[in-house]
Amino acid sequence: MPQRSDINRRVVLAQRPKGTPDESTLRLEEAAIPEPAEGQMLLRTVWLSLDPYMRGRMNDTKSYAKPVEIGEVMTGQVVAEVMQSSLPGFEPGDMVLAGSGWQDYALSDGTEVVNLGKAPERPSWALGILGMPGYTAYAGLLKIGEPKPGETVVVAAASGPVGATVGQIAKLKGCRAVGIAGGADKCRHVVETLGFDACIDHRAPDFESQLAAACPDGVDVYFENVGGRVLYGVLPLLNPFARMPVCGIVSWYNSPGLPEGPDIAPALMGTILRMKVKLQGFIIFDSFPRSLYAEFAREMTGWLAEGKVKYREQVVEGLEAAPQALNDLLAGRNFGKMVVKV
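Quick note, the sequence shown lines up with residues 1 to 342 if you use full-length UniProt numbering.
Simulated from the structure, these hints should not be mistaken for laboratory data.
One or more of the hints may lead you astray.
[Claimed, not checked] Computed list of lysine-lysine pairs in DSS-like fashion (alpha-carbon distance at most 27 Å, straight line):
1. K310 / K143
2. K276 / K310
3. K18 / K62
Predicted model, so just to flag it, every value in this text is computed and none were measured.
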């Protein structure tokens, strides 16, 4: 169903999922295109970002942000075109970065909207390497992980937009970068294209022993974004005073309750105590001073221009394909940053 100029397609939360979202979780509906009032602009979505945090926003639980309400448009960052505007600094034809969610059209008063100009070279990159995922990697690794030359940095989901960036920055800082990814193709990409020193397939029966062999000097920084078996495999390898930035636990996002199996809390907490591990969770929107983003944008733009950082996107066609694409992302079936061409 292509985007139209007379209808606003909206994907709303129909009911809260128990476990993996299914066909009854999200609903595609049609509404009239909203009319901007004075002090507003009308945005037309061009690109929609899909990110693991969206699964958490479907739950009615205490978190860093309020949950999506039943019947409300699913949350998400977009790159959109300004269609009408009475706001200073925004005019028709401008491309903007906004948080207007899973819909064709939205109104905005300009709050938290970034003007990307009339014709940005790669507008979708504002949702990835030059946006929230890239900034998450940069700030989490450098400000919490604090990697030092010669140290070993391990990162899970290493072919994804955050993990891939973490490992490449670690290499730029003189570290040994070891990635963890799902499948031979992803692991090959991580080593041959992204320049990691090694990449281990977390699906391998001997994953733990392969990871230990790839980290002969132990692990100094573990950038955590998946949890599960990967976390369990890294724990015994952590060095004294290791640092663990935590930006996600995607392997557990669809769990309706506590994971089955033995209680690993004693092993986790014991390792943190004995190895003096610094473990810090962070949400990129409010965990760092705003001035850090300008530093990130300047450095990352330079690294991309010089070919020191590589970036891969996976493009999904059509808003109606977004619900299944999000499930694919949560299951690790994506390869690179997933964006929807609306």
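These are the hints, each one checked on the structure:
For the given pair, K310 sits about 22 Å from K143 by alpha-carbon distance, which is consistent with the 27 Å threshold. Among the hinted pairs, K276 with K310 is inconsistent with the structure: their alpha-carbon atoms are about 34 Å apart, more than 27 Å. The suggested pairing of K18 with K62 holds, with an alpha-carbon distance near 16 Å, which does not exceed 27 Å.
The structure shown violates just one earlier hint, number 2.
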